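In order, the protein sequence lines correspond to chains A and W. Its first residue numbered 1, the first sequence is counted upward by one per residue in the numbering used here. Its first residue numbered 1, the second sequence is counted upward by one per residue in the numbering used here.
Honestly, I wouldn't trust all of these hints.
[As the list claims (entries may be wrong)] DSS-like cross-link-like pairs, simulated, lysine-lysine; straight-line CA separation at most 27 Å:
#1 W:Lys3 x A:Lys242
#2 W:Lys181 x W:Lys103
#3 W:Lys259 x W:Lys288
#4 W:Lys167 x W:Lys181
#5 W:Lys134 x W:Lys167
#6 W:Lys134 x A:Lys242
#7 W:Lys181 x W:Lys3
#8 W:Lys103 x W:Lys3
#9 A:Lys242 x W:Lys103
[What the hints assert, rightly or not] Residues on chain W that point at chain A, a partial pick, calculated with CB under 8 Å:
#10 Ala48
#11 Ile51
#12 Arg73
#13 Arg74
#14 Pro80
#15 Gly82
#16 Pro84
#17 Tyr86
#18 Leu101
#19 Pro234
[To be verified] Label-pair restraints from in silico Cβ distances:
#20 W:Asp126 x A:Ile137: 38 to 46 Å
#21 W:Thr23 x A:Phe16: 46 to 54 Å
#22 W:Pro151 x A:Ser13: 25 to 33 Å
#23 A:Phe16 x W:Arg122: 20 to 28 Å
Simulated from the structure, these hints should not be mistaken for lab results. Note that this is a predicted model, so its numbers are computed, not measured. Beta carbons are placed, not taken as given, at the ideal position from N, Cα and C, and that holds for glycine.
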Amino acid sequence: MSNVGIIMRRELSSYFATPLAYIFLLIFLVLANLFTFYLGGFFERGQADLNPFFSYHPWLFLFLIPAVSMRLWADERRTGNIELLLTQPVSLWQAVVGKFLAAWAFIILALALTFPLWITVNYLGSPDNGAILAAYIGSALLAAGFLSIGSLASALTRNPVVAFIVGVAACFAFLVAGYPLVLDAFRNWAPQFLVDAVASLGFLTHYEAISKGVIDIRDLIYFALLITWFLLATAVVLDVRKSE
Amino acid sequence: MIKTEALTKRYGALTAVDAVSFTAAPGEVLGFLGPNGAGKTTTMRMLAGFISATSGRASINGHDVETDSLAARRCLGYLPEGAPGYGEMTVRDFLDFIADLRKLRGAARARVDAVIERLQLRSVLDQTLETLSKGFRRRVGLAQAIIHDPPVLILDEPTDGLDPNQKHEVRTLINEMAGDKTVIISTHILEEVDAVCTRAIIIARGRIVADDTPQGLAARSRYHNAISLSLARPEQLAAAHAAVAALPQVAAVEVDANKARLTVLPRGGALLLATLSELTTAQGIALKELHLESARLDDVFRTITA
Chain A
1 MSNVGIIMRR ELSSYFATPL AYIFLLIFLV LANLFTFYLG GFFERGQADL NPFFSYHPWL
61 FLFLIPAVSM RLWADERRTG NIELLLTQPV SLWQAVVGKF LAAWAFIILA LALTFPLWIT
121 VNYLGSPDNG AILAAYIGSA LLAAGFLSIG SLASALTRNP VVAFIVGVAA CFAFLVAGYP
181 LVLDAFRNWA PQFLVDAVAS LGFLTHYEAI SKGVIDIRDL IYFALLITWF LLATAVVLDV
241 RKSE
Chain W
1 MIKTEALTKR YGALTAVDAV SFTAAPGEVL GFLGPNGAGK TTTMRMLAGF ISATSGRASI
61 NGHDVETDSL AARRCLGYLP EGAPGYGEMT VRDFLDFIAD LRKLRGAARA RVDAVIERLQ
121 LRSVLDQTLE TLSKGFRRRV GLAQAIIHDP PVLILDEPTD GLDPNQKHEV RTLINEMAGD
181 KTVIISTHIL EEVDAVCTRA IIIARGRIVA DDTPQGLAAR SRYHNAISLS LARPEQLAAA
241 HAAVAALPQV AAVEVDANKA RLTVLPRGGA LLLATLSELT TAQGIALKEL HLESARLDDV
301 FRTITA
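So here's chain A without its partners, still in its complex pose (with noise of 0.2 Å):
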């Protein structure tokens, strides 16, 4: 097996040691279940769609993302295990990208949970297949935007609580980048292409269109260049800071 495949399953491993694996995932069905039904009106819309349950994830992804990414990194530099890892044969980004990519199995395990949701659509009516498979991609996908995001803010302190909190926070900056409330604060000074450019790296805009069912390449280029970027910069803030 590949070292990353090797780390990825450690770490994964290590998630299911400890009860908080279990917990997150029943909080995660609990909320996810109650967004849909009472917030998203499931049955009174009378639709056969599963847009109340993927409108709500984005919020419920703000807290829970971090609440996994928060311990990548700054549990590793708290226990100094960091060293044992990074002085054995394995390199820096197959440890960045073995541990985000365990964190990024295990939230799609807990989306995978949902499949009651799934059956119960099309049972009640007959939904677009098609569709919902492509809003549950945008989900996986914005997940992983949000874990790399996590990832960096885990590797830039040793204590997981700041790490959380600054996580949540820059999650927050870009789930909002293109909402009226980010984008007046530039549009009284900025020139239109800088707020077109802010308003392109939300989050937002490139989820719905695929939770619409419209996967375009353009949105897929975006997570994978936002997901590479973040987790390039862990590495160099990482290689930095390892030590300290």
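With the hints as your guide, set chain W onto chain A.
Below, chain W alone, put in the same frame as chain A:
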């Protein structure tokens, strides 16, 4: 084979390691000594490829630790300070993880069980690391360092925090493993140097201040070949002092009036035991005890690093 050339690490204005150059050959067990904060751990971390040097170079078996880092790390077994390890993993899972990273496959995989036997970890295999005692944790740390049978071993304070029995065990183990490997251990416990090292480097404020065999270091002690005399009759102390001090080979005499004891420091490491024995007999000085002082390494250490 470990080689460093003017290895230097600066943190801002602080020079943690200052132009350290040495070569350690296979078969050598090199003791890295020095007060806390002298730069031992920083030097070892640079050798292990964990931090990079500000200037200078280091290589493990000919592989530069910066430019050929992965190859250098493959030749190296490293025990970081404090023997870290993933607390939630069992000993078995942890060693399997390291063996995977070390690419031990097929027949080589038997090394894992050999190492478990050698470090007597069989009884704790299914315990998680966080539940282990300090002694066992240290042994697990040693196990991960030697699992791939590396030609070079770097152990940062392998006996720190262990009880005397565990210290003895770890030292025996290092002695057994040494063979044709190049081993560096860091310590600030001086008895360890006598017990395991073939050579000692003393480092203070980032610089090498002594590089010698343990015997050579001991010879630098004021107490090298010193002899102490305990008198049976305390009233003879003054007479004995005068007689001994008059000898040409004697550099100095220390007097402990409470215990009626003289410590005779020889000039140029001369052997005085026979001379003193004859002298006291001739002068009718009654002795309770006459013995050769063992050289005090801590005395040398303090003189050099102060």
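Okay, the hints, checked on the actual structure:
A C-alpha spacing of about 24 Å is found between Lys3 of chain W and Lys242 of chain A, which places the hinted pair at or below 27 Å, so the restraint holds. Distance check on the hinted pair: Lys181 of chain W and Lys103 of chain W sit about 20 Å apart at the alpha-carbon level, within 27 Å; holds. Taking the CA atoms of Lys259 of chain W and Lys288 of chain W, the gap is about 11 Å. The hint holds against a cut of 27 Å. Among the hinted pairs, Lys167 of chain W with Lys181 of chain W is consistent with the structure: their alpha-carbon atoms are about 21 Å apart, no more than 27 Å.
Pair hint Lys134 of chain W plus Lys167 of chain W holds up; C-alpha atoms about 11 Å apart against a cutoff of 27 Å. Taking the CA atoms of Lys134 of chain W and Lys242 of chain A, the gap is near 25 Å; set against the 27 Å cutoff, the hint holds. For the hint pairing Lys181 of chain W with Lys3 of chain W, the CA-to-CA distance comes to about 14 Å; that is within 27 Å, so the pair holds. At roughly 26 Å between alpha-carbon atoms, Lys103 of chain W and Lys3 of chain W fall within 27 Å of each other, so this suggested pair holds.
A hinted pair counts as satisfied when its Cα atoms are at most 27 Å apart, and Lys242 of chain A with Lys103 of chain W qualifies at roughly 25 Å. Interface restraint check for Ala48 of chain W: the shortest CB-CB distance to chain A comes to about 4 Å, inside 8 Å, so the restraint holds. With a cut of 8 Å, the hint placing Ile51 of chain W at the interface with chain A holds, because the nearest CB-to-CB distance is about 5 Å. For Arg73 of chain W, the shortest C-beta to C-beta distance to chain A is roughly 4 Å, which falls under 8 Å, so the interface hint holds.
For the restraint placing Arg74 of chain W at the interface with chain A, the shortest Cβ-Cβ distance is roughly 5 Å, inside the 8 Å limit, so the hint holds. Given the 8 Å rule on beta carbons, the hint for Pro80 of chain W holds: about 4 Å separates it from the nearest Cβ of chain A. Because the beta carbon of Gly82 of chain W sits about 6 Å from the nearest beta carbon in chain A, less than 8 Å, this interface hint is met. The restraint placing Pro84 of chain W at the interface with chain A holds, with a minimum CB-CB distance near 4 Å, inside the 8 Å limit.
Hint status for Tyr86 of chain W: holds, given a least beta-carbon distance of 6 Å to chain A, under 8 Å. About 5 Å separates the beta-carbon of Leu101 of chain W from the nearest beta-carbon of chain A, less than 8 Å, and the hint is met. For Pro234 of chain W, the interface hint is violated, since its Cβ never comes within 8 Å of a Cβ in chain A; the closest pair sits about 56 Å apart. Separation of Asp126 of chain W from Ile137 of chain A is about 40 Å and conforms to the stated range, judged on CB atoms against 38 to 46 Å.
The supplied range of 46 to 54 Å is met by Thr23 of chain W and Phe16 of chain A, whose beta-carbon atoms lie about 47 Å from each other. Roughly 32 Å separates the CB atoms of Pro151 of chain W and Ser13 of chain A, a value that falls within the hinted 25 to 33 Å. A beta carbon spacing of about 26 Å between Phe16 of chain A and Arg122 of chain W agrees with the range 20 to 28 Å that was offered as a hint.
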